[in-house]
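A.B. asks: Sequence order for the protein chains is A and B. Per our numbering, the first sequence starts with residue 1, numbered consecutively. Per our numbering, the second sequence starts with residue 1, numbered consecutively.
To be clear, the hints were calculated from the coordinates, so they are not data collected in a lab. Keep in mind that a hint or two might mislead.
[Claimed, not checked] In silico BS3-like pairs for lysine-lysine, Cα to Cα no more than 25 Å straight-line: (1) A:LYS117 with B:LYS456; (2) B:LYS48 with A:LYS42; (3) A:LYS228 with A:LYS41; (4) B:LYS48 with B:LYS74; (5) A:LYS41 with B:LYS48.
[Said to hold, decoys possible] Rough simulated footprint, nothing fancy, chain A against chain B, three-plus residues with beta-carbon under 8 Å: (6) 269-276; (7) 469-479; (8) 600-609; (9) 719-728.
[Claimed, not checked] Simulated coverage check for chain A against chain B, where a stretch passes if three residues somewhere in it have a Cβ under 8 Å from a Cβ of chain B: (10) 148-161; (11) 179-190; (12) 194-200.
Just so you know, these numbers come straight off a predicted model, no measurement behind them. Ideal placement from N, C-alpha and C gives every residue a C-beta, glycine not left out.
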Amino acid sequence: MTMKIGVVTFPGTLDDRDAQRAVRLAGATAVPLWHADSDLKKVDAVVLPGGFSYGDYLRCGAIAAQAPITQEIIKQAGQGLPVLGICNGFQVLVESHLLPGGLIRNENQHFICRDQKLRVENIDTPWTNEFELNQEITIPLKNGEGGYIATDETLKRLEGEGLVAFRYLEMNPNGSMNAIAGLRNERGNVVGLMPHPEHAVEAGFGPDTAAAMRSGVDGLKFFTSVLKAVVNA
Amino acid sequence: MGLFKKKPAAPAVDLTHLDTTAKAAAEPNKEQPYVALGLKTEEYESIKSILGRRPSSSELAMYSVMWSEHCSYKSSKIYLRQFGEKVTPEMKKHLMVGMGENAGVVDIGEGWAVTFKVESHNHPSYIEPFQGAATGVGGIVRDILTMGARPIAVMDQLRFGAPTDPDTARVVHGVVDGISFYGNCLGLPNIGGETVFNKVYQGNPLVNALSVGALKHGDLKLAKASNPGDQVILFGARTGADGIGGVSVLASETFDADGPSRRPAVQVGDPFAEKVLIECCLELYAANVVAGIQDLGGAGISCATSELASNGGAGMRVELSKVLKRDESLTPEEILMSESQERMMAIVPKKDLKAFKAIVDKWEVEYSVLGEVINEDRLYITWHGEEIVNVPPRTVAHDGPVYERPVAYPAYQDHLNYMSVHVAADGQGLHRHNDNGSELAAQMWQIVTSPNQASKAYITDQYDHYVGGNTALAMPDDSGMVRVSEESGLGISIATDANGRFCQLDPYEGAKLALAEAYRNVAAGGAKPLAVTNCLNFGSPENPEVMWQFKQATAGLADGCLELGIPVTGGNVSFYNQTGDVAIHPTPVVGVLGVIDDVARRIPSGWQDEGHNIYLLGTTSDELDGSVWCEVIHGHLGGRPPKVDLAFEKQLAEAIAAASEQGLIASAHDLSEGGLAQAVVESSLRFGVGARIWISEICERDEVDRTSALFSESTGRILVSVGREDDVKFVGLCEARGIPVLRIGVTDSSAHLEIQDVATWPLADLRNGWSATLPELFAN
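Chain A extracted, bound-state conformation:
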């Protein structure tokens, strides 16, 4: 039996079908999860994809953090369920207090879509175990509110405990503190980041690389990592 990874759809979610494709390409079965349900359908891991949940008319992710499905995810995350939040999903994790800090409007006030270089700074998570430590990867970034902020105390703790999972390289696109692109929780099962690994999983449709146009598939390892983690668990 293949592994089942849930992909949540809130009204206004945009990258759910892309996340489902990424799950399939990694060799798992994608299970659609609906915001109004409380049933996680016995999935082995959950992806909160990008988009504008409920229009994000409050702070980004704030309404989705209150959704029935999110309440169940928070509960099971506490029991070790691997959860990956991408972009709006990261915002939901932060608003749910599964990860600390906050995300604000990009420094330049504009939406940004670009191929972004990152450094993977923590590989002790179910979503990053296939990477090398400090591996440099390129995956698309596309957000309007991706500026990471936290108190000095929180930043110190994040850095001190090695909870920064991804850091922007070469340029900090949205003015994030400490160039933080993504975080993990203490237990390691919850990971969130602004850039989009699900858009770099299939040659021909990913970021440009030195080898060929749109051939970047660095994002696939997020999904193969979780397969490995669950099989070994």
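Got chain A; can you put chain B on it based on the hints?
C.D. replies: Coordinates of chain B only, in the frame set by chain A:
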């Protein structure tokens, strides 16, 4: 019913001022503000003769908006017909739905079809750039949705005033933010478009939006109401006082002292509501519980009810008070005219009503049943039971007035055409620095860094081009390309083009030039051009000289399509783009749709590897009139645009397709604005691959000077890079097909672009210059 809830008594509705059809019959001589609503006396009289009485104020509202230029195409109709007439059976082969529906539908094989259309939202985008542009995207996406298709991409064609004019930044920021805000929230990749600055667009920016959708053949829907008894349901956002500025003259007659006195003219968009509506409609289609869905755009409920009934050859009975409103003070006339966004009208068989409700409830979309389809050629609308509309739907929707407006050859035209590059500057001709390499280099730099030729990344980086995971090509490549079938890799590509300067010099040839360039761009990406859409942006049709431009441009486009053998599937006309007496340059935006059997075969516009040979296909003539060189270096516009040879364009496209199928070419980039100079810069910067280029052989073979070799905008040319191992095969293929082919350079690892005897630039410098222009003008 009634056991638990006792309905509170509805507040008494004051109907004393309501202008019913009965009142219209009883008070035939009541003065009506038809002039203020934009109707001419003859048009008003014609409404009276259709109805056999004066219209009620609600009927007047409907006719006035549906007979407006925007909705009725009354000045353009006689010219648009030729797009349906100048076609061969061969051209119709792939056409599943032609002009006249919400959007044309083209068969792309493997059981797939696509639908695409481009529309203008020019005037609202000048008044309120953010909302104008946002709702432009929203409107075109809903059009695509009505055909049963899932929207898969958007593009936009923008024209702004002079880049240094203080008002331009206001419009640029608003429009780009609006497209970015709305488009990004819909989850549709933005795969390309155009941005052009020219002072003729100062008071009339053009904001055209294109959308494309994909569907399986069996899922095709047509928005029509034909089965009596089917329910008429309005769903989506509530109806508010958006975009009804015009009808306030009617409203002002009935407003009491407490009512709002002014209504906004521009609509406000909510992309979240639209995204939910998209998914909801697709689920309704999949469950097969709707006979048809019509979007509500211009003219709102007036348009949706009359068009659905007229298209289905049936009638409709509607109770207007059942419309869910954001503002209870709305009058029936305003409700009929409201252009509130994110609304749809569905025709639902009674037996499917329960299933329909379950789906819209799941998406938490509000709906109300307004009425039903009837077996009678009549549209009846009541307001709290009182009849306010009783009309034959066809007279509102399709049988509006048709005008053959006066046409006059422009008084300025002969002089404009006379003032070519050879006679300008007091008969001396525009100065050329053919013998001075550093002057040529300076001109080239000036052109490449000019606002129209510089990188548009400042704008396009604000758009999501990844979402969907199917984008195979996007800006800055020549065309946008998306995969349609994940199984086979089948995909489509789209390119749009319009050169207003060429069209000003010769609208007939200018339209053909736009078609030729869009066609060539699609071919350069490796796709086979299949169909055409257009958005015709012109000045006032009441100006005979503008009407001449329109007549010429439509003839040029129709003739061009016939020659290329690809049909026009639909389009849009935007008139009155002028400030005072000054019209914009005629700007017929032409979009060409292509199909590619496997997007893995797509060709990028930039050089990918070192050691490849660079070939120029086609020949170069001394064609600088209307060129970027004239505009940027000399501030000149005159003469005649470059010649178009569509038979050759077709040959060229077929050669690229054949070479691509054999995997012979690594890149292809069409030559257009800025000529060869612009193309080599873009091809080198695309992936940061340097090259050495020589132009001496172009000068020798084509007998042109160095200025023409670098900057001429002769058509039918593509720059191609080819790996050494494929060299012989590629050249042989071109020669066998009669395509002039000339090796003009080689890519290398120098990280420089060298144009022999002209200039050598480090790519980093070139990139900095090319990329800096728009941020310097508009960032902050």
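A.B. asks: It remains to establish, for every hint, whether it holds in the given structure.
C.D. replies: Each hint tested on the structure:
1. A:LYS117 with B:LYS456: holds, 22 Å
2. B:LYS48 with A:LYS42: With a Cα-Cα distance of about 68 Å, the restraint between LYS48 (chain B) and LYS42 (chain A) is violated, given a limit of 25 Å.
3. A:LYS228 with A:LYS41: holds, 20 Å
4. B:LYS48 with B:LYS74: Judged against 25 Å, a Cα distance of about 19 Å means the pair holds.
5. A:LYS41 with B:LYS48: violated, 64 Å
6. 269-276: holds (count 6)
7. 469-479: holds (count 4)
8. 600-609: This one holds; 3 residues, not fewer than the three required, reach chain A with a Cβ under 8 Å.
9. 719-728: violated (count 0)
10. 148-161: Since 0 is below three, the answer is violated.
11. 179-190: violated (count 0)
12. 194-200: holds (count 3)
In terms of the numbered hints stated before, the structure departs from hints 2, 5, 9, 10 and 11, listed from lowest to highest.
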